[in-house]
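Undergrad: Each chain, written out:
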Amino acid sequence: MTGYALSQPRALEAESIHIIREVAAEMQRPCLLFSGGKDSVVMSVLARKAFEPGRIPFPFMHVDTGLNFAEVIAFRDWWLDQLEVQLVVASVEDAIERGLVREEPNGSRNRIQTPVLLDAAETHRFDALFGGARRDEEKSRAKERVFSFRDEFGQWDPKNQRPELWSLYNGRVNPGESIRVFPLSNWTELDTWAYIAEERIPLPNLYYAQERDVVRRDGMLYAVNEFVPAIDGEQVLRRKVRYRTMGDANLTAAVESEADTNEAIVAEIATARLTERGATRGDDRVSEAAMEDRKKEGYF
Amino acid sequence: MTSDLLRLATAGSVDDGKSTLIGRLLYDSKAIFVDQYEAVERVSTQRGDDYVDLALLTDGLRAEREQGITIDVAYRYFATPKRKFIIADTPGHPQYTRNMVTGASTADAALILIDARKGMTEQSRRHSFLATLLGVRHLVVCINKMDLVDFSEQVYDTIVQEFSEFASRLKVGDLEFIPISALQGDNVVTRSSRTPWYDGASLLYHLEHLHIASDRNLTDVRFPVQYVIRPQSAKARDYRGYAGTVAGGVIKVGDPLIALPSGFSTTVSEIDTPMGPVQEAFPPMSVVLRLADEIDVSRGDMLVRPNNPVAGQQDLDLRVCWMDESSALTPGRMLHVKHTTVWARVKVREVLYRVDINTLHRDESADRLALNEIGRVRLRCTRPLFMDEYAQNRVTGSVILVDEVTNRTVGAGFLS
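Respectively, the protein sequence lines represent chains S and F.
Quick note: the first sequence uses the numbering used here, first residue 1, plus one each step.
Quick note: the second sequence uses the numbering used here, first residue 1, plus one each step.
Isolated chain S (complex conformation) (with noise of 0.2 angstroms):
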């Protein structure tokens, strides 16, 4: 009976539409984090792979910090055209004019972002959503559960969350609650990478290896562009450079690399000493404990 043996790939893909069809299935609103990230990329086709040959029963969400990469936005329209799926836009900018945020000193909007996400999702009253998250991208990620609960103020309460036993998940809330759901949980980078490869999923080409004009800052390497001008005394250099990671344009730094095809990714990622945050996130270097804080306060 060995030939009835699923590969782990297409394990870990049965497992994710397993948990995408759950949603739409028992969630009144369900909508789905899209930031035209990698992760956010897969889900979405694996959300597609779940209802084929129909469409994809619920609207897609963007909350767009004004800091984006202007490759990725045109990426994410493209990209949404194809899936023939709604996007909601939740703007940080319009919120910070509207008062509901303030811009923070060190010019980073990673965590106004929270609240803005929060307030749209109150607004259109979805009760389920969708985050391309994985459990090993980081420690306090690695706690959490598939199906996430969070209360009115969408707090996440790491020891007070649900059992989650077998595939039997629970998402009952009582009005104003919801749950934040991470179909690719039990992902690694690598296998979001083979993947890609496997079923040659499109993304913004920042993912891929080109030659770009970059300064060095803080031991990391940012492209120069709108939102990071070089400043006085930093040498613009040229380099072989990629993006593993798809943050804020000001915040998400990038890496010498030769990989420009999905292939030379996987093998690199296969053979990578520093984690994708690690390596590229100047937003996850501020303390031991920072995606734990931010995630209690209701970030993705």
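The hints are simulated quantities; they were obtained by calculation from the structure and are not laboratory data.
Note that this is a predicted model, so its numbers are computed, not measured.
A portion of the hints provided could be inaccurate.
[What the hints assert, rightly or not] For each label pair, taking beta carbons as the anchor points, the in silico distance ranges come out as:
#1 F/Thr406 with S/Ile96: 33 to 39 angstroms
#2 S/Tyr4 with F/Phe166: 32 to 38 angstroms
#3 F/Arg230 with S/Ala74: 32 to 38 angstroms
A virtual CB, placed ideally from N, CA and C, is assigned to each residue, including glycine.
Once you've looked at the hints, dock chain F against the given chain S.
TA: Coordinates of chain F only, in the frame set by chain S:
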């Protein structure tokens, strides 16, 4: 694409070195990245530790690092060319037994850690009992801290003997013992030269070669309908498919099926999958079945073979683990219940007995189950549930119980 997936639950007391062992497996299999290792090294140096505390790699929450304990189930990943491993790292602290049950519910194998200096404890008995109760077929007992008993064969043998006697009272499919030092790496990834008297494999080698393919039920066809796909679009106007995850058996195109509870019969005309159409589907594939006849089938129905159905039961006699700290399971109480893709309600009729998970003694005078207690309970359900014996099928043999007010998952039940 030939490697498969092994789900592993770990259990051990607070000081058995469980987090250290996982840290060691991740580190030695190169699943730890340099920045993670350096962060841990930095903290260890600050605290004045003599060695890099690999437990810090897995204790993800601030409170855990502060208190030096593991509070919640953490999931860890590593892969070798043979397998991808998902580790459910469950706390050993007594008040968190529900997490052990959670971690074991999906595990193929359980790692039980025993401190060689202390021998078997209540917790090692408890964890072994819970793992086997939850249907984990393979127990791997790591006798840890062998470096602190001078790698003594005699110490090892005594524990093996004691554990084997205890295990004979449990339903263990496959039992293996390995002498290790998680801290120093002996017999974790490679065979140690310090245990010449041990002729078995290293832990990692053993985990890579555990045979789990036959653990799934490929005999009894069970297909809980999860979602009906009926596109309202021009290109697929006549498409009607029943999406779900195969819970048991091998479903082939042309197979006769009946829908439960209606009893309507039909045959499988096509099987669509994420990889395109296929001729046969098996667990745990997520597929869409297209049926030859237009019969009334919806979410919550179960498709089975006509000659191999499963009986619907409204009176349920289940093993239940209670997981709620703020209330007890008591007769008369109403609860939500979820079985496969069905939500219904149950009324608690009677607590038949409570099991002392240390002595395995059954207390028949018990009339309630409190947090972390396990017993046998009679429930009356608002509709028939099509449950198999849990030992036959973990998917169709299990339910969760949910509080009607808070919506928290308060119990886990299974038919045995």
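Undergrad: Find the hints from earlier in the document that the structure breaks and name them by number, from lowest to highest.
TA: No numbers; nothing is violated.
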